[in-house]
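> Residue-level listing of the chains:
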Amino acid sequence: MTYGDKTAVDGLSLSVASGSITAVLGPNGAGKTTTLETCEGYRRPQQGTVRVLGLDPIADRKRLLPRIGVMLQGQGAWSGVRAMEMLRHIARLHAHPLDIDLLAERLGLGECGRTPYRRLSGGQQQRLGLAMALVGRPELVFVDEPTAGMDPQGRRTTWELLRELRADGVTVVLTTHYLEEAEELADQVHIIDRGRMIASGTPLELTRGPGNGMSATATVRLVVTKPFPPGARDSLREALGEDTEVILLDERSMRVTGRADPTTLAKVSRWCEENDVLPESLTLGRRSLEDVFLDLTGGLTLTDGVEHV
Amino acid sequence: MSEVTTGTFTPKPGSAPLPRQVIAQALMEAKLMLRNGEQLLLAVVIPVMVLIGGVTAGNAIDLDLGTDRPLVDLLTPGVLALAIMSTSFTSLAIATGFERRYGVIKRLGASPLPRIGLLAGKVLALGCVQLVQLFVIGAVGQLLGWTPAAGFGTVLAFFLAIAMGTLAFASLGLFVAGVLRAEATLAAANLIYLLLLAGGAVVLPLTAYGSFGDVARWLPSGALGEAVRTAFLDGVPAWRDLGVLLIWALLGSTLTARTFKWE
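Chains B and Y, in that order, give the protein sequences.
Its first residue numbered 1, the first sequence is counted upward by one per residue in the working numbering.
Its first residue numbered 1001, the second sequence is counted upward by one per residue in the working numbering.
Simulated from the structure, these hints should not be mistaken for laboratory data.
Do not take every clue at face value.
Partial selection, computed: residues in chain Y whose CB lies under 7 Å from chain B [as the list claims (entries may be wrong)]:
1. Asn-1036
2. Leu-1040
3. Leu-1041
4. Gly-1103
Using C-beta positions, here's what the derived DEER-type ranges look like [unchecked claim]:
5. Y:Leu-1251 with B:Ala-59: 50 to 60 Å
6. B:Gln-47 with Y:Val-1155: 51 to 61 Å
7. B:Arg-196 with Y:Leu-1246: 47 to 57 Å
Cβ coordinates follow ideal geometry from the N, Cα and C atoms, glycine included.
Please work from the sequences and hints to get the whole structure.
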C-alpha cells in the first residue's frame, strides 16, 4: 500500500506498511491534515499520485470508502444528536459494523448519555470521532490528532485501543503534534515540516543519532536554578571543544549534543562551577524525538509549552 | 508488538445495501428535525396557528376572498402548502447550512453513504416530516369543518403538488444553504419564508391579491398554493401551476449543481 508521490503538499513521498502504526508528525500547519485528506479523497492532488489500498482515492472513492475509517479533526456530527445515536447511524451505513455497545464501553461513551453533541466535552467528541472511524471494521484508519484535547487517561485508553487495532491487523495512520505519542505508538514516524518530509524512520532509528554511523552521539541536558549569564552558550561550547553543539532551549536550560567522552559531564559540571550557576538537573542520555525535531527544524518547538527536564 | 489479539477489530469492511443506508439517513434526519424546537415550530405550530387564527378571525369579520367557497376549504389547503414550503425550503436550508458548518456532510462524505444516497435520504426525510404535518393540519382542518373534494383525482393531484413543490423548494433551499454561511442561511431562509407567507399567495388564494395575483402565480409559493387548493377544491391537477413549479425546480437544481459545496 503506497501513497506514492504526493504533491498536494510539496513533493512528499511516503508509503505505509499494512498492519502497522504510522505517525505523521509535524507542527501546526505542516501539512499533516492536507496529506491525510488527500488520502481520504477529500482533496485532489495537483501533481503526483496517491494510492490507498491500491485504489485511487478520487476515481475509486466508492470502492475505497467502505474499507477505510476516518477520524476528522473535530466536529462531524449534528449539533443536536446524542453520541450513541450518531454512532448507531454510522454503524447502519456499514455491512458488518462492530457491536456499538462494546465500542462505546471501550471508549467510555456511556457517560455521554442523552447530552447533545454540541454540549459534549472536547475529549468526548474526540472519542466519539474515533468510534465513528472504527465502527465499520475498516482495514485502514486515518486518525487526525486523535488525542488532541483529551485528558491523560483518555489518551492512554486511546493508545491502548490503537495498539489493539494493530494487533488485529488494522493499519493505522495518525497525525499528531505530540512527540510522546509518536514515540509510544508508532512503528514508523514521518516528520514533516512546511509540507516537506524532513525525516522518517522507526522511533529508534530517528533517536539513535544524526546521520549514519555517528553512533557515539550523546545528549546532555542542563537545567539551572536561575537564568544563564550572557554569553553562556558560547563559553560552554568553548569549554567542551569543537565537536559539540550547544542549543539554548530557554533562559534556564541548554542542550548539548555531540561526541561524548568520559570527561563530558565533568566538563559541564566544571563550567557551572566557574560560571557560578547551580545545576537543577544535569543528565546524559539518548536523544528523544523532540531533540530530533529540534535539530531538524533549527530550534523550532512543536508546541509552545514543551517541557524540558 | 506484545498486544494480545482479541479479534475484536479484525477488518471486515463493507457498505450496507444502498436502500438501507438511505432509510437510515432519512429516519435520522427526520428524527432530528422533529426533535428540534425551532424546526417543530416552523413545521407544525405556525401552520396550525395560521389555520385556526385565519379561519376564526376570517369568519368573525366575514372575510371576502373573492370566491364563494367556505373559508376553511380555502385556508386548509393553503396552510398545507405553507407547511410543505416551510419544510422543503426553510427547514432544509437551515439544517443543511448547519450540517455544512458542523462538518456533518464532510463526515458522511467519508462514510459508505454516497452523495446520491444523502440527497435521497434528505428527500425521504422531508416526506416523513410532511406526513406528520399532513396528519396534524388535516385533523385540525377537519375539526374546523374542512370538507375536501373526495376521490382518486384529489389524491393524485395533491401528490403531484407535494412532489413538485418539494422539488422546487428543496432545490432552492439547497441553493441558499450552499452559497451562504450557516447564520446567513438561517436569516435568509426565515425572511424569505415570512415574505412568501405574507405576499406569496400560498395561504390565501390569488384572488385575494387583486392585480398582484398575476405576479404571485409565477412565484413558487403561489404555484404551490394554487396546486394544493385546486387538488382539494376541484379534485384535479393544476397542470399550469405544476409546470411553474417544474420550472422553479429546474432553475433551483441548476443553480445548486453549479454552486453547492459539500464542505
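> It remains to establish, for every hint, whether it holds in the given structure.
Right, here's what the structure says about each hint:
A least Cβ separation of about 6 Å between Asn-1036 of chain Y and chain B falls short of the 7 Å threshold, and the interface hint therefore holds. Residue-level restraint check for Leu-1040 of chain Y is violated (minimum Cβ-Cβ distance to chain B is 12 Å; threshold 7 Å). For Leu-1041 of chain Y, the interface hint is violated, the least distance from its beta-carbon to any beta-carbon of chain B being 15 Å, above 7 Å. Satisfaction of the interface hint for Gly-1103 of chain Y is found here, the shortest Cβ-Cβ separation to chain B being roughly 4 Å, below the 7 Å cut-off.
Between Leu-1251 of chain Y and Ala-59 of chain B the beta carbons are some 32 Å apart, a value that contradicts the proposed interval 50 to 60 Å. A hinted range of 51 to 61 Å holds for the C-beta pair Gln-47 of chain B and Val-1155 of chain Y, which are about 58 Å apart. For Arg-196 of chain B paired with Leu-1246 of chain Y, a C-beta distance near 54 Å keeps the hint of 47 to 57 Å intact.
Checked against the numbered hints given earlier, this structure breaks hints 2, 3, 5; the rest are met.
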